[in-house]
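A.B. asks: The lines below spell out each chain.
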Amino acid sequence: MISNDQADRARKGPVLQLESVSKRYGGVQALSNVSISVNAGEILGLVGENGAGKSTLAGVAAGLVTPDSGRSFIDGQEVQITSPRVAESVGIRLASQELQLCPELDVTTNVLLGHYPRKKLPFLVDYDAMKQKAAERLASLGLEDIDLDKNVGELPVVYRAFVQIARSLTPGAKVLITDEPTAPMSDIEASRLLKLLRTICDQGVGIVFVSHRLDEVLNIADRILVIRDGVLVDEMSKSEGTKERMVNSMLGEKTSGTLQARGAHVDDSQTALTITGLATSNGIESLDLSLKYGEILGVYGIAGSGRDALGMTIFGSTKPTAGDIRVGNQSIRLGSIRATMETGIGYVPAERRTQGLLLERSIKENITLAFLRRLAKWGLIQKENERGSAQNWVDKLSVKTDNMDNTAMSLSGGNQQKVLLSRWLLTGCRILILDDPTRGVDIGSKLEIYELLQSLAHKEKVAVMVITSDIEEVLKIADRIEVIRHGRIVLSKATPTQEEVARAAYLESVSS
Amino acid sequence: MATAEKTKRDFGSVLQKQGLLVMLLLLIIFFRIFEKEYFLTFDNFITILVGATALGIMAAAQTPLIVSGGIDVSVGSVVALTTVLVGKLLATDMPSWLVVILAIVAGTSVGVLNGFIVVQLGVNPFITTLGTMSFFSGLAFILSSGQTVSIRDDLFDWFLYTKPFNIPVFVIILVVVMAFALFVERKTVVGRNIFAVGGNREAARLSGISIKMLPLGLYAVSGFSAAISGLILVCQLGAASPQLGTSYLLSVVTAVILGGTSLAGGRGSIVGTAMAVGILATLSNGFAHLQLPSYGQTTALGAALIIAVLIDQTSAKVRK
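If you're matching them up, the sequences are chains E and V in order.
Okay, so the first sequence: first residue is 42 according to my numbering, each after it adds one.
Okay, so the second sequence: first residue is 410 according to my numbering, each after it adds one.
No lab work stands behind these hints: they were computed from the structure.
The reader is advised that the hints may include incorrect statements.
Claimed, not checked - A short list of chain E residues far from chain V (calculated; beta carbon distances all over 12 Å):
(1) Asp169
(2) Lys191
(3) Arg269
(4) Met277
(5) Gly345
(6) Met382
(7) Leu400
(8) Gln423
To be verified - List time: in silico EDC-like cross-link candidates among lysine to aspartate or glutamate, alpha-carbon distance up to 20 Å:
(9) E:Lys360 x V:Asp563
(10) V:Lys596 x E:Glu427
(11) V:Lys596 x E:Glu425
(12) V:Lys497 x V:Asp563
(13) E:Lys534 x E:Glu513
(14) V:Lys596 x E:Glu513
(15) V:Lys596 x E:Glu401
(16) V:Lys621 x E:Glu119
Where a beta carbon is used, it is the ideal one built from N, C-alpha and C, also for glycine.
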C-alpha cells in the first residue's frame, strides 16, 4: 500500500513473541527451538510442507498445544498460555481450519456467540443491542453486505469464514491466527478473504497467516517465515520473497536430488486403468490418467488440488459430471461401487476409522466384509471357508494379533491398515487404489506397508495407485508420479526429483 | 494386551446378558413367593409364552432393524389396522384364507412405505414411523368407526384350539420365528451385513454392501411381523379393535432396547431380545396373578428399561 503506512507499522513493536519453543510427539520432534515474533499491524506468512510443524506452532500460540519448553510474551510481558481461555484473555484469537459456527443460528448470534449483551433483569438477552453490536462489528470490517438475520448454514463458504473471523475479533484482539482459511475456497473467494485480513491488519492487529497457497502468502504477507521439520529455516521480507525461494527453503537439501522416484519396471506391461476427461463437481476438472499392471503410480497434490476427490470418484462413490474410466478396453459404469468392484478395483479410503473399519467387530469380519457373498453358499456363511481365507491374509501380511476374533479396535494404526488391505486382496482385485495409506501410522508399520505395496505391484503384478499429500511417500515408493493441481494433472514423469514434484504442486498456479 | 481387551469386552457383554437373566430369575422368585399355587407350573409357562407371541414376533423383526440403524415405532398401529381389516373383510363373506393374505399384504405394504420414505426420501426413521403410526392408527379408527367387533371363523378357531403335544400353535410359531431370526443373525451374509451397515455405514457402502435395499427389506419385514401379530391377536382374542395395537406402541422397542440392542446401531442380539420379551411377558403374567393394577406393570417396565440401559453404558465404559 502506501509506504507511509508500512513505516508506521514497522514502528509498532512486537505484540506476540514466542521464544525457543520445542514440542515432541512420541518419536517426532514437531518443533525444535522455534522463535517468532508478530508485530502489530503486520501479516506474518507461515509456510512449510505437510507435517513441517506449522499447525503445531499456531496451536502453541493459541493455547491448544502445550509446548515442552519455550516462553511466550505479549507486548513484552511474559505470559503462560496454558489454555485457549488464557490465550483469549491476553488477546490472541484463532480462526481455525474447520469452521466452528452454529449453522442453525443467525449471523447476529454467531458473531456474538457467548458474549450477548444483557438487559438489567437477569437471564434476559438484549436483542436490539445485540443486533446493533453485530452490525457494528461487521461494518468495521467492511462486511456490511452480510445479512444479519440469515442462518449461517445458508451462507456461502467464504461468508461463513468472514463470520467466523468477525466472531473471533472480540474487543481486545491483538493477534489473529488463521490456519489455512482459504483451503476450501476458489481463487476469487480467497482474494476477498485476503482483502478482509488486510483491513483487520490495518486496524493494528497482528496476523499470522498459515497457508499452502504460496501465491496468496506472497501476495498478502509483510514477512514470510518458512518452517521445515520443526525448525525455522528461512525468513524473508515481502520484497525478498519469491516462490522459488520459498519452495527451496521448504524442501531444504532434498532439492539436490537425494530422494528420487524409483523408475519404471513396467514399460511393456498392460494398461490396467485409463481415465480420460474426468470432471466432478468437487474439484476435478478434465483429468487424464493411466495405470499399468505391476507398477505403483503415485498421485501427489496439496490440499484443495482435487486430490481428495480422485480416489472416491474412480471407485464409483460419487458420480463424475464428465469423463470415461476404462479397465482394459471396457468402460465401467460410473458412479456405482458395485459395478466398479466387479471390474476388479479395490479402494482403501483415507479415514481408516470412519470410512474403513467396523471397529467393534472382529478382525476376521473386517477382512471378509467385501467378499462375504463369495464365501457363502445360498447366503449362508461357510464358517471354515471364511476363517481360512481371513487367516491366510492375516498370516501373509503378518497382522499382529493372537486371535482373529479380537475387535479391529484393538489393533494399532498400521495393523488396521493391513486389515483393510487384506479386505481387498481377499477379493482378488487386480487394481488397488489407496488414499493416504500411511496417515497416522508409525514409522515401522509405514515401511512395512511400503514393502507390501511394492511386492504386490512388482511380484503379484497388481496395479497400485497411491494418492497422497506426503511428498516423501510418493518419491519413496512410486514407480511413476503424477502431480495434480487445480483438478488437472500438471506433471507426469517416471523419475522426477522432489523439486520437480514440489514445483508442479505449488508453483505456477493462477495468481489472484 | 489384545487378550485383556477381549476379556473386558466379554465381561461387558456377559454382564449385559447375565443382568437380564438375573432380572428374569428375580421376577420369577418374587412372583413365586406371593403366588404359590399356579405361577410356577408348566401350564402357566405356556400361558406366558402364548401371551408373549405377538410381542416376541415383532421384537424379533425390530431387532435387526435397530441394529442396522433404523427404527419402526409404527408396528402398533399396523397391528390395529390389520385387525380392523380382518374384521371388515370377514364381514363381507370373503373366504378367510384370502382375508389372511390381504391382511399380510397390507401390513407389509406399510413396512415398504416406511422403508421407502426413510431410504429413498431420506426422512429420519423415528420421525417417519412416528408419522405413519399416527396416520394408520387414525385410519384404523376411521375404518372401524372406533367399534370392536367379535370374530367367529373356522380358520381362526383352528389356530386357537390346535395343540400338538399340548403346545399351542402360537408358541410353536414364536419359537420358530425366534430361531429363524437367530439363524439369520449368526449364520447368513444378510445378518453380517446388517451389523456392518449399522456399525459403520460408510465402510459398508465402500465395501459394496447395498445400504438401501437392506434397510428397505428390514422395514418390510417389520411391517410383515406386525401383520402376523395382528392376525394372532385376532385369533387369541376373538375380536378386532382399533385399540388393540396401542399397548404395542412402545413395548416392542422397549423389549429390543432392554435386550441390549444399541439405539445407535451396530450392536445387539436376538438372544437378548428373547430374554427381554420373557421378562416383559412374565411381568404382565405375574401382575395378573397378584391382581395388581396393570398400570403398575408400565411403571416397573420403565424402571427396568433405564436400569438395563445403565448397565449397557457402564459395560461400554468398562470396555474402553
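A.B. asks: Taking the numbered hints from earlier one at a time, note which ones the structure violates and give those numbers from smallest to largest.
C.D. replies: Hints 6, 7, 8, 9, 14 and 16 contradicted; others consistent.
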